[in-house]
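There are 2 protein chains.
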Amino acid sequence: MSKTEITAAPGIPTIVITREFDAPRELVYRAYTEPDLLVQWLGPRDLTTTIDRYEVRDGGSWRYLQTDADGNAYGFHGVFHGDPSPDGIVQTLEFEGAPGHVCLQTSRLPERGGKTLVSTVSVFQSVEDRDAMVASGMERGVRDSGERLAELLARLLAS
Amino acid sequence: MSKTEITAAPGIPTIVITREFDAPRELVYRAYTEPDLLVQWLGPRDLTTTIDRYEVRDGGSWRYLQTDADGNAYGFHGVFHGDPSPDGIVQTLEFEGAPGHVCLQTSRLPERGGKTLVSTVSVFQSVEDRDAMVASGMERGVRDSGERLAELLARLLAS
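The listed protein sequences derive, respectively, from chains A and B.
All residue numbers for the first sequence refer to this note's numbering, where the first residue is 1 and numbers rise by one.
All residue numbers for the second sequence refer to this note's numbering, where the first residue is 1 and numbers rise by one.
It is worth saying that the hints were derived from the structure and are not from the lab.
Treat the hints with caution; some may be incorrect.
Computed spacing ranges between beta-carbons, pair by pair [said to hold, decoys possible]:
| id | chain 1 | residue 1 | chain 2 | residue 2 | range |
| --- | --- | --- | --- | --- | --- |
| 1 | A | 131 | B | 58 | 22 to 30 Å |
| 2 | B | 154 | A | 134 | 40 to 48 Å |
| 3 | B | 159 | A | 85 | 48 to 56 Å |
| 4 | B | 97 | A | 115 | 28 to 36 Å |
| 5 | B | 154 | A | 74 | 33 to 41 Å |
| 6 | A | 131 | B | 97 | 28 to 36 Å |
| 7 | A | 115 | B | 26 | 52 to 60 Å |
| 8 | B | 71 | A | 131 | 45 to 53 Å |
| 9 | A | 85 | B | 11 | 48 to 56 Å |
| 10 | B | 151 | A | 34 | 46 to 54 Å |
| 11 | B | 100 | A | 36 | 26 to 34 Å |
Beta carbons: idealized from backbone N, C-alpha and C, even for Gly.
Work out the full structure, taking the sequences as your base and the hints as a guide.
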């Protein structure tokens, strides 16, 4: 199975995340944009994601909560920029635990021979913000998300 | 009079613009957020700015047009992230001539001894996008805007 690659080069306010999925891009795009699919893979395995709003359109806003077994909820929200499509999804993201800190994420989903290479470039307001995101333990959530998405896509393709 | 400094370091998808203004931050903040003031300084001297919408609040969207003497109009729009205040203004910006390309701008307005040092950090989706913005001739617009804002603040303080 493919692995998630996470790149955070020193001195540049960017994180690049890539992973290949054994599924056509249209299915990967559905998993990114349909709330009932999104909640099945987004985030660490031990948190439950619930969608508050998810307006998949230019200027549309989204918000979800990730809740742990003790009931602690972590909120995230953002705004889509441009109409999302399999050619790309551009959105801002704010963690509600750190108000005033915003990142801008660009996801591409090119397909090669039936597989889809998803890349997400996140740019932060500063290198310090980027480093804080890395230090927050985001890697576990990113790796869990990648594995869970691969599992979901396999289930969808088998059904 | 102070001059505008523009920094675009190689290999980093960022432009930093700073300029000191001889005015208190509250007045500078008004010039950034009140449409009837904004149109008096924003952009190159030979273009006319008209505001389509300007919702100064968390999640609010804005759009303006800059029109030249021949009637050619250039549209820009974006979304405020967090409630704008003299402590900071965070917003996205898209030039409608290049759809799909977004930048994230963070403006700070710290005051020192009655003067205000405005800094705006713009982060782009890639270094290529940043370089394209620099190559587009944005410097003239930025320098004109800084001079026009200084002139407007002087007028407001004298009135």
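Pairwise beta carbon distance, residue 159(B) to residue 85(A), judged against the given window 48 to 56 Å: holds, 50 Å
Supplied distance hint 28 to 36 Å, evaluated on CB atoms of residue 131(A) and residue 97(B): holds, 34 Å
Consistency of beta-carbon spacing, residue 74(A) to residue 154(B), with hint 33 to 41 Å: The hinted range 33 to 41 Å is violated for residue 154(B) and residue 74(A), with Cβ atoms some 47 Å apart.
Range hint 40 to 48 Å (beta carbons of residue 154(B) and residue 134(A)) holds or violated: holds, 45 Å
Distance restraint hint 46 to 54 Å, applied to the beta-carbon atoms of residue 151(B) and residue 34(A): Hint holds: Cβ distance 52 Å, inside 46 to 54 Å.
Residue 131(A) versus residue 58(B) beta-carbon gap, inside 22 to 30 Å or not: holds, 25 Å
C-beta pair residue 71(B), residue 131(A): status relative to the range 45 to 53 Å that was hinted: With Cβ atoms ~48 Å apart, the hint holds.
Satisfaction of the hinted span 28 to 36 Å by the C-beta atoms belonging to residue 97(B) and residue 115(A): holds, 35 Å
Range agreement (Cβ of residue 11(B) with Cβ of residue 85(A), hint 48 to 56 Å): Given a distance of about 30 Å, which is not inside 48 to 56 Å, the answer is violated.
Status of the given 52 to 60 Å range, CB of residue 26(B) versus CB of residue 115(A): holds, 56 Å
Status of the given 26 to 34 Å range, CB of residue 36(A) versus CB of residue 100(B): For residue 36(A) against residue 100(B), whose Cβ atoms are near 27 Å apart, the range 26 to 34 Å holds.
Violated hints, listed in ascending order, are 5, 9; each of the other numbered hints is respected by the structure.
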